[in-house]
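**Q** Here is how the chains run, residue by residue.
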Amino acid sequence: MNMTYQVIALAILFSSMVTGFIIFRMQGMKLAPHFGALVLALIATLAAVITGIPVIVVAAAVLQVVVTLTAYTQLFEILRDNFQTSPGYSAHLALVTMLPVLAIAGLLM
Amino acid sequence: MVKTVKALGIRAPNAGILVGNILRNLEVPGEEVRFIVSPGAEAGMDAVARKSGYSVEVTPLGKDLEIRMTPSGKTLEEIDVTGETCPGPVILVGERLSSLAAGERLKVKSTSPDTLADITAAITAAGSLVLGQGTEGDRHFITIEKAEKKEKTGEPGVPVNRDRVLVVQSNGTGNAERAYATFIFAKVAVSMGKKVTVFLLMDGVSIARKGSAAGVKHPAFARLDLLMDEMVKAGVTIYACENSAAFRGITEKDLAPGVKLAGAATYIQLLSDPSYAVVNF
Amino acid sequence: MTYEEIGKELIELLGLKGSPVAVKLARTPADVPAGYEKVTKKERHCQFVQDARLKGLTGYVTRAEHLCKGGAAVMGIEPSPDLVADGTTYQKLGNFKTVEGAVETVHAIPKLDETYFASVYAPLDKAAFEPDVVVFVVTPRQALRLSQAYLHVSGGRIASDYSGIQSLCADAVVAVKQRGVPNMTLGCNGSRKYSGIAEDEVILGFPPKDLGAMVEALRTFKQKWG
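For the record, the sequence lines run as chains L, R and S. If you're matching positions, the first sequence starts at 1 in our numbering and goes up one per residue. If you're matching positions, the second sequence starts at 1 in our numbering and goes up one per residue. If you're matching positions, the third sequence starts at 1 in our numbering and goes up one per residue.
Derived by calculation from the structure, the hints in this document are not laboratory data. Think of the CB as a built atom: it goes at the ideal place given N, C-alpha and C, for glycine as much as any other residue. Keep in mind that a hint or two might mislead.
What the hints assert, rightly or not - Computed list of chain R residues with no C-beta within reach of chain S, every gap over 12 angstroms:
1. 21
2. 133
3. 260
As the list claims (entries may be wrong) - Here are the in silico distance ranges between beta carbons for each label pair:
4. R:127 with L:72: 50 to 58 angstroms
5. R:111 with L:21: 26 to 34 angstroms
6. R:76 with S:193: 23 to 31 angstroms
7. L:39 with R:130: 34 to 42 angstroms
8. R:76 with L:39: 46 to 54 angstroms
Said to hold, decoys possible - Derived pair list, reagent style DSS-like, types lysine-lysine, alpha-carbon separation capped at 30 angstroms:
9. S:42 with S:8
10. S:38 with S:126
11. S:92 with R:63
12. S:97 with S:41
13. R:63 with S:38
14. R:3 with S:69
15. L:30 with R:217
16. S:193 with S:97
17. R:3 with L:30
18. R:217 with R:195
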């Protein structure tokens, strides 16, 4: 396990908190499941970086993937029909879309 | 309906005798009566009211006086909107007024004078009157008299009634605040007696897709689809721009209940109609 | 009781000269009673009342036939002439020392806010319509009996108000129609001059709904007082 990827994921999760908060204000309660996953992933990733315990690292990686999945499930309808407002969501989506790659890399490399 | 009787230029005690006789000889016994009298007529009117089974309220009306005789036991309706935030107070008052007959009164209380100012604007636009205002402890209050809105004539040079509202929505579910505002404004306008049309175009048509509005929820308000459904039932017309819908693959069968497709001509016709005030979201 | 019976009995019980006069204000031409024809001569409202009372005039009168514009105005048949409304007319005629006094009085005159198409007249015993008001031109003694008859059932007092202008129109018709209670008036310069109301006559307006009970009362008075 290479903890470098977890540190990068942690940085992305921190940034995602900011972009997530911005889109949460635009979209409201629909994003609550995604925001919950994001907070859990941030805590788990922070714990993984500090402790290096393999189980926690794996849990953090899983939660990072969940963050990405929930972002898309919750925003799918908006992306489908909202052409003008969807750019407002792009920064957050771009950040969380990096997470699965980093999660897998952290576990395999 | 409250009966109005003008009896100007008559002083007490004759005014009291006349008012007593009128109350005894009403076509509808026990109906509420509003007397317009001259100053000097009001003395002894409370005794007349008591004897006739009425309670009396005297208020200035220009240089005359209004003496309102309300059958005893029938107290002035009251509503306290303290703690409610916009548009709650306007809607609550509008709903209560709709249950009253023309000429009947409602006392509205709030700790916020700004809220009462907002209500004043709404109810006067709908044709009703604010008869008085004041404070009771920490509450400010206004007294409203419901009146039927007078229709303007179609004479040349006379402006038409601007009694319709067109709410244009072009941001869709991607911006929850604007999506909510669309239907909250519609709700307020309906409570003010306006005829409301919502036109969804560009991203706005995302609201029209069946099930889509159910995903928009703010803790302080009902789910957007419920609010939308309430407006449809209240007679609000909701159009979705045909082109914008086609652009997003939304067809007639995908539309939420109560939403109709409309072309650009409908939109332009609505914008060109001077009876519509237009709000954009 | 029908209005024909009431009218006839009132004439007999009170010994009236002429008939009580049924007056109705018609909002539209459709409100004019069927069979009633337009009166072609131009007169004042008080003259039409007197014609109905003494000559049996039956018919309706529109704005064009009303010569007294002030009278027609309070009955909603035409807009109030500016010089009447602002007090100038009555101040110039000498009724009031100041314009302010004239305005005060004009403001207080009973006036219908709604617009009417015509006034309809008929002797009460011949009225084929539901009147708004029944006007009596009577002697003070007959006015006394009418007042007593009105109070016979429920008692109380009668309050009458007038200002010496616009009498048979505003005081005897409009005030009674608006309030639903009787009013007595002493005429005005116009009605005394043009309509032949005698020196010893006064005018009363009654709501038609009260007349049945008043006839009953007058019968009682006749038995008791002769």
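**Q** So, for every hint listed, does it hold in this structure?
**A** Outcome of the hint check:
1. Some Cβ of chain S comes within 12 angstroms of the Cβ of residue 21 (chain R); the nearest lies about 4 angstroms off, and the non-interface call is violated.
2. No beta-carbon of chain S is positioned within 12 angstroms of the beta-carbon of residue 133 (chain R); the least distance is around 27 angstroms.
3. Non-interface status of residue 260 (chain R) relative to chain S is upheld: no Cβ of that chain comes within 12 angstroms, the nearest being about 41 angstroms off.
4. Checked against the hint of 50 to 58 angstroms, the pair residue 127 (chain R) and residue 72 (chain L) passes, with Cβ atoms roughly 51 angstroms apart.
5. For residue 111 (chain R) and residue 21 (chain L), the hinted distance range of 26 to 34 angstroms is satisfied, since their beta carbons lie about 33 angstroms from each other.
6. For the pair residue 76 (chain R) and residue 193 (chain S), the supplied restraint of 23 to 31 angstroms is violated, since their beta-carbon distance comes to about 50 angstroms.
7. For residue 39 (chain L) paired with residue 130 (chain R), a C-beta distance near 50 angstroms fails the hint of 34 to 42 angstroms.
8. The hinted range of 46 to 54 angstroms is satisfied by residue 76 (chain R) and residue 39 (chain L), whose Cβ atoms lie roughly 53 angstroms apart.
9. The hinted pair formed by residue 42 (chain S) and residue 8 (chain S) meets the criterion: a straight-line CA distance of about 29 angstroms does not exceed 30 angstroms.
10. Pair hint residue 38 (chain S) plus residue 126 (chain S) holds up; C-alpha atoms about 17 angstroms apart against a cutoff of 30 angstroms.
11. Simply put, residue 92 (chain S) and residue 63 (chain R) have alpha-carbon atoms about 25 angstroms apart, close enough for the 30 angstroms limit, and the pair holds.
12. A C-alpha spacing of about 35 angstroms is found between residue 97 (chain S) and residue 41 (chain S), which places the hinted pair above 30 angstroms, so the restraint is violated.
13. Between the alpha carbons of residue 63 (chain R) and residue 38 (chain S) the distance comes to roughly 41 angstroms, so the proposed pair goes past 30 angstroms and is violated.
14. A hinted pair counts as satisfied when its Cα atoms are at most 30 angstroms apart, and residue 3 (chain R) with residue 69 (chain S) qualifies at roughly 28 angstroms.
15. With a C-alpha separation of about 7 angstroms, the suggested pairing of residue 30 (chain L) with residue 217 (chain R) holds against the 30 angstroms cut-off.
16. Restraint check for residue 193 (chain S) and residue 97 (chain S): satisfied, since their Cα atoms lie roughly 22 angstroms apart, inside the 30 angstroms limit.
17. At most 30 angstroms may separate the alpha-carbon atoms for a hinted pair to count; residue 3 (chain R) and residue 30 (chain L) exceed this at roughly 54 angstroms.
18. A hinted pair counts as satisfied when its Cα atoms are at most 30 angstroms apart, and residue 217 (chain R) with residue 195 (chain R) qualifies at roughly 26 angstroms.
Violated hints, listed in ascending order, are 1, 6, 7, 12, 13, 17; each of the other numbered hints is respected by the structure.
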